[in-house]
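As a plain string of letters, each chain reads:
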Amino acid sequence: MVLSLVEHDSGAVDDNSLEALTLARSVADDAGEALEAIAFGPEAEGVADDVGAHGVEVLNVVDHSDLDDYTPEAYARAVIQCAEETGTEAVVAPGTDRGSEILAHVAAKLDETMAAEVTDVEVGDTYELTRQRWGGTLIEHAELDADTNLLTVAPNEISTSGTGDGPADVSAFTPDLEDSDLRVRLTEVEESDVEGVPLAEARVVVSGGRGTDGDFSEIEDLADHLPNTAVGSSRAAVNEGWRPHDDQIGQTGNKIAPEIYIACGISGAVQHMVGCKGAENILAVNTDPEAAIIQKADWAVTGDLHEVLPAVSDELERRGHS
Amino acid sequence: MEVLTAIKRVPETGAKIVLTEDKRDIDTSSLGFTFSPHEECAVEEGVQLVEANGGNMTALTLGEEDATEQLRSAIAMGADDGLLLPTDGGEWGPKATASAIASAVEAEKTDFDLFLFGNESADTANHQVGVRVAEHLDVPCVTGVKDLDVDGDTAVAKREIPGGAEVYEVDLPAVITVKEGLNEPRYPSMRAKMQARKASVDQVEPEPTDDGLELLELEVPETDDSPADILGESPEAADEVVDVLEELEVL
Ligand SMILES: Cc1cc2nc3c(=O)[nH]c(=O)nc-3n(C[C@H](O)[C@H](O)[C@H](O)COP(=O)(O)OP(=O)(O)OC[C@H]3O[C@@H](n4cnc5c(N)ncnc54)[C@H](O)[C@@H]3O)c2cc1C
Ligand SMILES: Nc1ncnc2c1ncn2[C@@H]1O[C@H](COP(=O)(O)O)[C@@H](O)[C@H]1O
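Chains E and S supply the protein sequences, listed in that same order. Under the UniProt record's numbering, think of the first position of the first sequence as 1, with each following residue one higher. Under the UniProt record's numbering, think of the first position of the second sequence as 1, with each following residue one higher.
Okay, chain E solo, but in the shape it has when bound (with noise of 0.2 Å):
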């Protein structure tokens, strides 16, 4: 059996989760096993439909009192003795903060090996996989043999696809806990009150680097000319001081989709593209014709950002657009 581990919010199934089905499926497939899933909360119930329309027959619901806030001992217990019961050959999780973080404590309780960042399995013997590296600016081919097989799926990789089948059987799953798997406990959700387009959101990112030499005001005020339009940074500029780690942009900032991506006085190193690789199209400005995100933009204006932007802005309300 592939156990697969089902995010989800009131019965919604997590994007990320429904990736991680998608590539537990074609393990399962190749393997000739069937593929389960495990959800928590008192409300996983609801994921049945979803579930069994990605292939899933037996959805296990932790049924635990202690268990309806989370904490991820616990959720990596019930895992383990889900998995144990049920004869478990993998078990796949979303690469996301609590797929990640619940999976590695799975791992770290039976000292298996585990993988992270997965985007592709070939079951043989062994399991032949690639994964990411570097935020995704590199690929591993690697080879895992394990007894029981940990995979975490790279998030926003994967197309998610459905088989048509029916809804999940539901089966109820109450894990045996020792008081210590219970140390460590979801308190409190916090709401934030950041106004306007959240970068991850926005149809278009207006962003600078540190070719802005800390004046952002240009910036700004071309994205105060465009609807849905968020403004980001590298981290150059957030390390001067110039913007918050918020607006950063790349492998340890925010990863972006927007239809247009506006970089700005950025030189385009790795580490940042990999937060802009979502964007349809890429627009750049920079005074060196020669930097890298030259190469990887769709267009470019070579030029010095503090007149090429305000020109923009002006062109936007001749045209009537404000």
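Take these hints with a grain of salt, some might be off.
Label-pair ranges, simulated between beta-carbon atoms [claimed, not checked]:
| no. | chain 1 | residue 1 | chain 2 | residue 2 | range |
| --- | --- | --- | --- | --- | --- |
| 1 | E | Ser-180 | S | Met-194 | 45 to 51 Å |
| 2 | S | Ala-192 | E | Ser-171 | 57 to 63 Å |
| 3 | E | Thr-174 | S | Glu-219 | 42 to 48 Å |
| 4 | E | Asn-156 | S | Phe-33 | 26 to 32 Å |
| 5 | E | Gly-166 | S | Asp-153 | 49 to 55 Å |
Just so you have them, the derived chain E footprint on chain S, three or more residues with Cβ under 8 Å [stated by the list, open to error]:
| no. | region |
| --- | --- |
| 6 | 14-21 |
| 7 | 31-43 |
| 8 | 47-58 |
| 9 | 85-99 |
20 Å max Cα-Cα, derived SDA-like pairs, lysine to any residue [as the list claims (entries may be wrong)]:
| no. | chain 1 | residue 1 | chain 2 | residue 2 |
| --- | --- | --- | --- | --- |
| 10 | E | Lys-255 | E | Glu-157 |
| 11 | S | Lys-158 | E | Leu-182 |
| 12 | E | Lys-277 | S | Thr-223 |
| 13 | E | Lys-277 | S | Val-220 |
Rather than coming from a laboratory, the hints here were simulated on the basis of the structure. The structure displayed is predicted, hence computed values, not measured ones. Note that beta-carbon positions come from the ideal geometry of N, C-alpha and C, so glycine has one too.
Here the structure of chain E is known, so what remains is to put chain S with the ligands in place on it, guided by the hints.
Showing chain S with the ligands alone in chain E's frame:
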């Protein structure tokens, strides 16, 4: 307060990654080295906690002898001690790394209150060394933390979620794995860098163990490197830029 922060030496890859001939490593012959921004924040946090509460902050790394350079960078940022677990430069997987770090911690005379890790390493991104060390040491662990408050024997750690944050409260000693944005790491002064060069760094020989995931080959993913359509060299290009925006229907 006794804090231990784990950092990993990685190459600074710039705009293009070049592989060695056997495709099993990055060609680092013309590259500098650094450690992950997540870990920079971990070092800064440890230093700040010791500044506020007294005690000691130790930076630890498992890696080749040259990784001493990264320990010295951490010392220049304010770490009191450096601890190197020397290897012959070959890659250690996360399972072996965690078990070596946990053994080194257990062999130290110090009782650490807090262990800080990056959420994931910059190069291999295994997302697990911190969790595994916590399990070895049998202490609680919170991952992906972007806000940390330590008060006496408890830590309140927050993890970002869309539209807000999750709050966790744990007793010390604990492992916390952090993400960039936790704080603003300082730039060490010239003087601090000079002094760090002279600082002594302890070594503890790590015991290699089995890891189960064997690297076959690395590959640089194909990207579309066709040159951009140059719209112009000056503000006159504004006209064409707006044409592009109109065509994409983002206005
Ligand atoms: C592990 C790791 C993780 C990292 N994570 C991230 C990350 O998440 N995000 C990130 O951005 N970086 C990240 N980095 C850093 C990254 O490698 C680069 O150092 C950084 O992206 C450089 O920022 P920059 O392009 O703004 O600055 P620079 O590389 O200094 O480039 C500035 C550019 O501005 C141009 N310019 C100068 N003046 C003007 C002008 N007047 N008008 C127009 N153009 C001008 C220059 O020609 C140059 O191309 C990471 C690095 C490591 C090692
Ligand atoms: N070789 C190493 N030496 C010291 N710390 C390490 C090493 N490898 C990983 N770590 C720590 O563990 C964190 C998570 O690594 P990983 O599990 O590889 O993603 C890193 O951010 C470091 O803090």
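Checklist entry - Hints broken by the structure, by number, lowest first? => result Going through the list in order, the structure violates hint 8 alone and respects the others.
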